[in-house]
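There are 2 protein chains.
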Amino acid sequence: MNEMPKFLQKIGQDWWLVEDERENMKISYRIKDIIFAAPSDFQHVMILDSYDFGRMLVLDGVVQTTSLDGHIYNEMITHVPLSIHPDPKRVLIIGGGDCGAAHEAAKYSGVERIDMVEIDEMVVRVCKEHLQDVSGNLSDPRVHFIYNDGIEYIKQHKNAYDVIIVDSSDPIGPAKQLFERSFYENIREALKEDGLMVCQSQSPLFHREVMKQTVHHIEELFPISKIYIATVPTYPGGFWSFTIGSKKYKDLVVKNFDKETKYVNESILRSCFDLPEFLRTK
Amino acid sequence: MNEMPKFLQKIGQDWWLVEDERENMKISYRIKDIIFAAPSDFQHVMILDSYDFGRMLVLDGVVQTTSLDGHIYNEMITHVPLSIHPDPKRVLIIGGGDCGAAHEAAKYSGVERIDMVEIDEMVVRVCKEHLQDVSGNLSDPRVHFIYNDGIEYIKQHKNAYDVIIVDSSDPIGPAKQLFERSFYENIREALKEDGLMVCQSQSPLFHREVMKQTVHHIEELFPISKIYIATVPTYPGGFWSFTIGSKKYKDLVVKNFDKETKYVNESILRSCFDLPEFLRTK
Numbered sequence: 006m007n008e009m010p011k012f013l014q015k016i017g018q019d020w021w022l023v024e025d026e027r028e029n030m031k032i033s034y035r036i037k038d039i040i041f042a043a044p045s046d047f048q049h050v051m052i053l054d055s056y057d058f059g060r061m062l063v064l065d066g067v068v069q070t071t072s073l074d075g076h077i078y079n080e081m082i083t084h085v086p087l088s089i090h091p092d093p094k095r096v097l098i099i100g101g102g103d104c105g106a107a108h109e110a111a112k113y114s115g116v117e118r119i120d121m122v123e124i125d126e127m128v129v130r131v132c133k134e135h136l137q138d139v140s141g142n143l144s145d146p147r148v149h150f151i152y153n154d155g156i157e158y159i160k161q162h163k164n165a166y167d168v169i170i171v172d173s174s175d176p177i178g179p180a181k182q183l184f185e186r187s188f189y190e191n192i193r194e195a196l197k198e199d200g201l202m203v204c205q206s207q208s209p210l211f212h213r214e215v216m217k218q219t220v221h222h223i224e225e226l227f228p229i230s231k232i233y234i235a236t237v238p239t240y241p242g243g244f245w246s247f248t249i250g251s252k253k254y255k256d257l258v259v260k261n262f263d264k265e266t267k268y269v270n271e272s273i274l275r276s277c278f279d280l281p282e283f284l285r286t287k
Numbered sequence: 006m007n008e009m010p011k012f013l014q015k016i017g018q019d020w021w022l023v024e025d026e027r028e029n030m031k032i033s034y035r036i037k038d039i040i041f042a043a044p045s046d047f048q049h050v051m052i053l054d055s056y057d058f059g060r061m062l063v064l065d066g067v068v069q070t071t072s073l074d075g076h077i078y079n080e081m082i083t084h085v086p087l088s089i090h091p092d093p094k095r096v097l098i099i100g101g102g103d104c105g106a107a108h109e110a111a112k113y114s115g116v117e118r119i120d121m122v123e124i125d126e127m128v129v130r131v132c133k134e135h136l137q138d139v140s141g142n143l144s145d146p147r148v149h150f151i152y153n154d155g156i157e158y159i160k161q162h163k164n165a166y167d168v169i170i171v172d173s174s175d176p177i178g179p180a181k182q183l184f185e186r187s188f189y190e191n192i193r194e195a196l197k198e199d200g201l202m203v204c205q206s207q208s209p210l211f212h213r214e215v216m217k218q219t220v221h222h223i224e225e226l227f228p229i230s231k232i233y234i235a236t237v238p239t240y241p242g243g244f245w246s247f248t249i250g251s252k253k254y255k256d257l258v259v260k261n262f263d264k265e266t267k268y269v270n271e272s273i274l275r276s277c278f279d280l281p282e283f284l285r286t287k
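Protein chains in written order, with the working numbering: chain A, 6 to 287; chain W, 6 to 287.
Calculated directly from the structure, the hints in this document are not laboratory data.
Keep in mind that the hints are not guaranteed to be accurate.
The list treats identical chains as one, so a pair stands whether inside a single copy or across any two.
[As the list claims (entries may be wrong)] Each computed SDA-like pair below joins lysine to any residue, with the alpha-carbon atoms no more than 20 Å apart:
#1 K31 <-> D57
#2 K267 <-> R285
#3 K197 <-> I32
#4 K31 <-> D54
#5 K15 <-> D25
#6 K264 <-> Q14
Just chain A, same shape as in the assembly (with noise of 0.2 Å):
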């Protein structure tokens, strides 16, 4: 370890990850190993190997993902649409360069393609071979990876898909198009009519303006809707939310759910729902 990419600190004996990008509160990890360190033509990608949680993806020095609890976050924004849709055969995933959603929709006979659209090359080869706890090493044929700008992908696509899920990053930088009104237009066009999406829509504690906005926006142009929550101990919180917005499906049809999942299961899929006081008198 000569030299040493920038975002990791020596402290003492040790090598920390410092995150830095928030204002009020910083959480730092403590190294094991570094198992990749390279600039992309987006961000900085990193996988690091910690203590607590294992194998981590850090971009630009944020943790986003990691080998403790990527299942999670992976599970639930994959399992929810899809016992929601009562047959959905094509799939988009914007975002997801980890491949956990794309690995998670695989798990579905019934599906027939996913395309899974992520501007960064680089982070999903990393999360392929690195992060095999959350990619699963992807290499399902119904997978395509389509290398490109998710927010101009969606605007080319009308009444394509069964299920879209919007797999985000933090709404800064390139990712900010991905919370806006227009975004959230273009998806509902690309969705069959009998379509549904879900996103990310950000901490109910910390980012309640962009949650609050987000739901708006799929309120508006949805004709159903709903939020639902999990615990993600790798974001901030650890309390996270979903939204959904459906064209048509409103409740779960899952029978016997019968994925093999280390999170969801039937009980969690209908009470991620159930939403504490202070999120259902809003």
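Go by the hints and put chain W onto chain A.
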């Protein structure tokens, strides 16, 4: 701010609380103001005003509860047992110096007496004065403050309580004994013949062994045991477990949950028992 309490560091122009008790992960909070800071007979006690979490109770440099989310923990540790016991009259709280659990228990008109056994009088005093978002400036005449060691107190009481709430800090230092089997044996004896207890049983992700051991003790000592979960943003990973040990009552008796709360409602009281797959397949 001439003489700064230890645990606080100046970084750039700002003061930060840097939690330093964990081996592999550190969380730092940017601080607006120091409301109170002094050593008690047992520990170093601070009330800090932070940017993201509002006021925080900090013991020996570790955040215990905050204005932002203290209610989640306190509502969950209190309303779940008090919604399972059909007629709780005498409630014992061991620990709980922030007064939040006592504040929640006092919302039940049928409760006649709440004994709160907290070793550190200073914690109670400063929370009542400076952390009213959590303590509610508790002044209910049914609440009796007993400044004593919970381990000793419980040995001297038999067949005395309907509900016992063990609101302990982490199992390090003096709180370690609050996780030992003999303590739960004494709790069983202190409960009436149809009584029930609840304790916080740490994080299912980061303290798996402590949680397993606690659940194991309670399963051995009580005919009925149940695990439930909540998201508590202040605690590492946000994902927290509670364990109930009950002599008789098993199911929620709540018909119309009518307490004024910010987090708990009737659906949360039910769905908190829906465990993720990795906790069901122990």
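How do K31 and D54 come out at 20 Å by Cα distance, when the copy is not named: within, between, both, or neither? Both: 19 Å inside a copy, 16 Å across copies.
Is the C-alpha distance from K31 to D57 at most 20 Å within one copy, between copies, in both cases, or in neither? both (16 Å within a copy, 11 Å between copies)
How would you classify K264 and Q14 at a CA-CA limit of 20 Å: within, between, both, or neither? Classified as neither: same-chain Cα gap 41 Å, cross-chain 48 Å, threshold 20 Å.
Have a look at K267 and R285 and pick one of within, between, both or neither, based on CA distance no larger than 20 Å. Between copies only: 10 Å across chains, 28 Å inside a chain, cut-off 20 Å.
Homomeric proximity label, K197 with I32: Cα distance no greater than 20 Å: Neither: 42 Å inside a copy, 45 Å across copies.
Same-copy or cross-copy closeness of K15 to D25 [CA-CA at most 20 Å]: both (15 Å within a copy, 16 Å between copies)
Consistency note: the structure conflicts with the earlier hints numbered 3, 6.
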